[in-house]
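Student: Sequence:
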Amino acid sequence: MKKVFIQTYGCQMNEYDSQQMLQVLSAKGFEKTTRPEEAQLLLINSCAVREKSEVKALSFLGRIAKLKKTDPSKVIGFGGCVGQTEGPKLLKRHSFLDFAFGTNNYRELPQMIEDFEHRWADTSADDERDTLLPSFRPDSKSQAFITITNGCDKFCSYCIVPFTRGRELSRMPEEIVAEAEILVQRGVSEIMLLGQNVNSYWGKNQSGRYTKLHELLHIFQKESEGGKLSGLKRLRYTTSHPRDFDEDLARDFRDLEILCEYLHLPFQAGSDAVLKRMRRFYRIDSYLRKLEKLREYSPDIALSTDIIVGFPGETREDFQKTLDVLRQVEFDNAYYFKYSARPYTRSEQMEDDVSPEEKTERIQALKELQRSISRKKYREDIGRKVEIMLEGPSRTKSHLWTGRTRGNRLVHLPKEDTFANGDILWAEILDATHCWLDGRRLDLPRAIVA
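Take the sequence shown: its letter number 94 is residue 94 in the numbering used here, and every next letter is one higher.
Check before you lean on any hint, since a few could be wrong.
[Unchecked claim] Below, in silico cross-link-like pairs of lysine-lysine (DSS-like), each with a Cα-Cα straight-line distance of 30 Å or less:
1) 32 x 293
2) 415 x 52
3) 212 x 276
4) 141 x 338
5) 290 x 222
6) 92 x 74
7) 89 x 32
8) 293 x 376
Just so you know, these hints were derived from the structure itself, not from any lab.
Please construct the entire structure, taking both the sequences and the accompanying hints into account.
Tutor: Below you can see the structure in the form of structure tokens.
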């Protein structure tokens, strides 16, 4: 059997796309391998949102060129966001690269492979982006992703996504539920709904009526109660934009049992002046009011966020406002990135006037503050009884298994022979760091085995 190796960079959307590629290729006789030297077909699924991810993808392309030199029969393809924007240039620059493809046409991969001797780039961005190929999380058979909307219409000044993924396109709710039904029948008990801006979901149903994310979540809740999705225990979604996060969505965290108490809501910067240059179209006080309302409905909800450091024109006073937001909100986790100009974006024309050294200092300040906040919040769980879903054996310690709370916190606990991926059980938390919890299993009557 022919073997394929796929190297993925970027977010859950890219992981989802890679799983879709694998399903398409499996139907054509390819088998996945984790060893690139074994593969007849090597694919790179790239991310262009951060310069660092793009550099990593191009660096890996250079490394696998050596395999092509040793075995010229190997076929190499470069896809994803960088393939979408730079495909023809990559083919011109790298003679060993056989084909390039974009973010919306990986279903044509078998034909591209057949035609690779022509060395062409297919980056057409049509609107046929919906699919019914179930996509498990790469490291789990009990958790899965479903893309419900693709693309973005926000055009933040720093973001390349509208140019690589196209305009927003939402899938029909019936198709989403049908995909979820297939996954649940195959043993999935947790689903993550994905979109570059997932809470702008606006899918037209078979009757021609448009459905909002809030309504889609209620459909999932209803179908999980003895309907098509009976067996589905947990539901999450990401990534959200503050402008589209409304009170209906906040209330859902209180009202929907299936919806996990976790929200990733990027605020990007604490300064209104910086937010204006970013074209985020909200003020930080409105962002904070939304979180205040959310916590009224769900006091124990876990929150995470994204922050861009060193955006053009960001002063030290601006950055202090970002630190102030972290102190005020006390996010469970924060993900921070140094600003880097991306092609085609408005901010590419701005002067990148914050020095690399200053960006590094600000990142370090964020890291130290957030680490102390996370440690404090995680240690508050010591002594508590929490519901966790088992994800599998620890990657580093053979005597441990890992699970995850509804608030998305990682839990380590001693391995037991009866453990199975996807089991939902109760654990007592015994210790904590800033990024995981240590616990032990509890035999409670409410424990559920998926």
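Student: Flag every earlier hint the structure violates by its number, smallest first.
Tutor: 1, 2 and 4
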